[in-house]
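Q: One-letter residues, chain by chain:
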Amino acid sequence: MSHPTYLNTTRRGFLGGTAAASALALGDRAQAQDAPPLEEYTPEYLSAAEWAFVMAATARIIPSDGAGPGAIETRVPVFIDLQLAGDFGNAADLYMEGPFKPDAPDTLGPQSPLTPAEIYRGAIERIDAACTDEYGNVFADLDPTQQDEVLSALEEGPSTSGNTPDMAEDAGGGAPNTDGSTAFGLTPELKEFFSLLVQNTKEGYFADPMYGGNADMAAWSYIGFPGARGSYAEWVGREEDYPLGPVSISGERA
Amino acid sequence: MARTDTKRDVVIVGLGWTGAIAGIELAKEGLDILALERGPDRSTVPDFKYPDVIDELRFGIRYGYMQRPKKSTLTIRRSLDEEAMPYRRLGSFLPGDGVGGAGIHWNGQTWRPQAQEYRLRTYVEETFGADAIPEDMTIQDWGVTAEELEPYYDRFEYMAGISGQAGVVNGETIEGGNPFEPNRSRDYPLPPLAQQPDSLHFADVARQMGYHPFPRPAANASAPHVNEYGMQLGPCNYCGFCARYGCLNYSKSSPQTCVLDALKRYENFNYRVNSEVLRVNLAEDGQTATGVTYWDAEAEEEVTQPADIVILAAYSIHNVHLMLLSGIGEPYNPQTGTGTTGKNYSYQMNGGTTMFFNDRQFNPFVAAGSSGMSINDFGMEQIDYAAEGFIGGSYMTCGHSNGQPIRGIAVPEGTPNWGADWKQAVGEHYGHSTSLGSHGSNMSYRDCYLDLDPTYTDPHGRPLLRLTFDWKDNDIRMTQFMRQRIEEIVEAMEPDSWQSSYKEDGATYDVRPYQTTHNVGGAIMGESPQTSSINRFQQAWGQHNVFVLGASSFPQNIQYNPTGAVGALAYWTTDAIVNQYLPNPGPLV
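For the record, the sequence lines run as chains A and B. Residues 1 to 254 (our numbering) are what the first sequence spells out, left to right. Residues 1 to 589 (our numbering) are what the second sequence spells out, left to right.
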């Protein structure tokens, strides 16, 4: 598929963004097409270097080539930034009382003393430092093959979060974390980073557009999910493609 | 700051299904009742209204209707030797929060256990010999029978407007229903839900194989229904947002749609929200409760609320937590097997096989929470435990309850979790897969239990509850047996490809992925105060004016979703309170 022209930019381009993007605050139901281009977006939480990392990483996690939109066209980085700036990033719902044992078995659930936003910050800093050592550049400036190598190495690190489809309902349970080794110098406090990044990328791809991602409901259109229509009584038992496109919570149609 | 309020006849802890049922049944008797709910108030409007509730991120992923671990959680370990870690983020199970409790966010699967499940230890000993029960397995009889409870199941099903097809009515087997269900006095109040093509394909194949498929019984109304309280349900519109969501359509049975508006009309019933009960207060001799103490979040003070009767109607694990904090019953000791409070926690052994049909269109977003066709041919009463080498059973269901994309799109094994191949796979396979799952029993064991954590505390400074639980060989053998039966059916269904996910030898409990919110036991009912916390009327053995409602009463888990049994037992107990306890307060056994 062809890319919108605003995507044909360099990293320097979006680092020099303006404040115009603050209109897209969390919960603001501004239509995505009214939102500023990504290179003009000013992150709420992420620093310029972190934003560059998230742009580059999400572009590999859900790439733009092939059928269906990628993370960039659907504005997943905006979603992630807004999530990290809000309750999710701040661990507003989580039990955050000590003592913390971040090297406890993964199967006992996350035990980091850090909030998700802090995990992003700490992990990106270390990964960029490791990439500079290994490749001479930060992650965002590596070529896509190198970026995939880095992401694969992170994935093979000790942490894999419960990211299985509900219908699979986890059978054997993930393999216990048996060692303290970490990829790219990620300490146990940061070991959940990659699974958070992949999960948040998919969230931004498929969540309602009011959260900043899934621009134009393109990810819903791609798979054939009608979004927030909320009534299908006339379609039960019919083995035919559903004829209507998606609708968002704010009433946009695609 | 602290205050003491005027004495009430009854205080109810928690306003979900059981609290609402107890509330309205006792309100009818004219008792002065106060229900205390620690979460917020919730009503269909505004809390579940369209379109705001159709928000997968907020409710399906960030758990907007669930308890926040920051306010309430527990610690978990897998063995007596392991150090328990806090359940910091929800995963394996999702306790509800606020008025309506888990009754707002369930899928609505509403079953009656098979008759032998209430007398499991006796049944196994009589049928297969005492040697069939492993030494560390602590299964018990409930102290009630299917016959005794039948009228109360009937009551709950007609109150909740359950959609289904009866299998056995007054001794007669009905074609198209579950022939293995316990005898019922009449059909379901509503006909079965309509079914999707994947479920119908399964049912055809299962029938050809000699099995007995039937529509899964559903608390999703298939037609308009008015219940005994005058509450009205409208027909389900298959919106595909059921479990984890409140119902936008007044179609899912819940305290809101079935009880609460009628209950609120009783002037002798009151409820307070954001009011977390901290402990049950006992008389000096410990033989009765004098009321409860709760935290009034608005006034920011502790309140002592005296009452003649205390009904614990919180979520199962929280009933047990309050009992441990209040000295109700002796804490269970896994070393000696003595004590009862916290004993016999059990869970649910599930597994499933995902099938890909590349050329079929299943439209998974067209779904009621309990859509699907089931078989019960491998139920608890259908299996020769001696021959198969395990105690347990399962029902199996094909279908889907939602098509929400963040919660997971099934892709073939070997597909990467990210990248171009992942994107291509979700595009190719969304709508073209289904699953056949096993929903199985879980036995109780000597070292699976609840007690107080020695380290971690909640915002009130109370010790957190500590859960000790792991999967056991018996139950893994059960699920592997179900896997073999399911894979035979799956092959006959002729998908393009399929993949299985069942617990295997050596599986340890992983708290991260969602499994099920069927946490049972810990305050179990039974026949003796030496072996159970509460008697057959869910009355505390040691404090006759304390009743404990909910799945905390189950001595081991049934093969079914628990809400049917929870609802029936709530009616059974409130009937005993009205007709036996109020005229003559004291131990009912």
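To be clear, the hints were calculated from the coordinates, so they are not data collected in a lab. Even for Gly, the Cβ is constructed at its ideal location relative to N, Cα and C. Don't take every hint at face value.
[As the list claims (entries may be wrong)] Derived DEER-like restraints, expressed as beta-carbon distance ranges:
id: 1; chain 1: B; residue 1: 477; chain 2: A; residue 2: 237; range: 33 to 43 Å
id: 2; chain 1: A; residue 1: 152; chain 2: B; residue 2: 46; range: 43 to 53 Å
id: 3; chain 1: A; residue 1: 133; chain 2: B; residue 2: 477; range: 48 to 58 Å
id: 4; chain 1: A; residue 1: 145; chain 2: B; residue 2: 210; range: 28 to 38 Å
id: 5; chain 1: B; residue 1: 302; chain 2: A; residue 2: 152; range: 49 to 59 Å
id: 6; chain 1: A; residue 1: 187; chain 2: B; residue 2: 46; range: 25 to 35 Å
[As the list claims (entries may be wrong)] For lysine to aspartate or glutamate, the following EDC-like pairs were computed, each having C-alpha atoms within a straight-line distance of at most 16 Å:
id: 7; chain 1: A; residue 1: 101; chain 2: B; residue 2: 527
id: 8; chain 1: B; residue 1: 7; chain 2: B; residue 2: 32
id: 9; chain 1: B; residue 1: 71; chain 2: A; residue 2: 87
Q: State for each hint whether it applies.
A: Quick rundown of the hints versus the structure:
1. B/477 with A/237: 33 to 43 Å: With a Cβ separation near 38 Å, residue 477 of chain B and residue 237 of chain A satisfy 33 to 43 Å, so the hint holds.
2. A/152 with B/46: 43 to 53 Å: holds (46 Å)
3. A/133 with B/477: 48 to 58 Å: With Cβ atoms ~51 Å apart, the hint holds.
4. A/145 with B/210: 28 to 38 Å: violated (55 Å)
5. B/302 with A/152: 49 to 59 Å: Between residue 302 of chain B and residue 152 of chain A, where Cβ atoms are some 54 Å apart, the hint holds.
6. A/187 with B/46: 25 to 35 Å: For residue 46 of chain B against residue 187 of chain A, whose Cβ atoms are near 44 Å apart, the range 25 to 35 Å is violated.
7. A/101 with B/527: violated (42 Å)
8. B/7 with B/32: Holds - the C-alpha atoms of residue 32 of chain B and residue 7 of chain B are around 9 Å apart, at most 16 Å.
9. B/71 with A/87: holds (15 Å)
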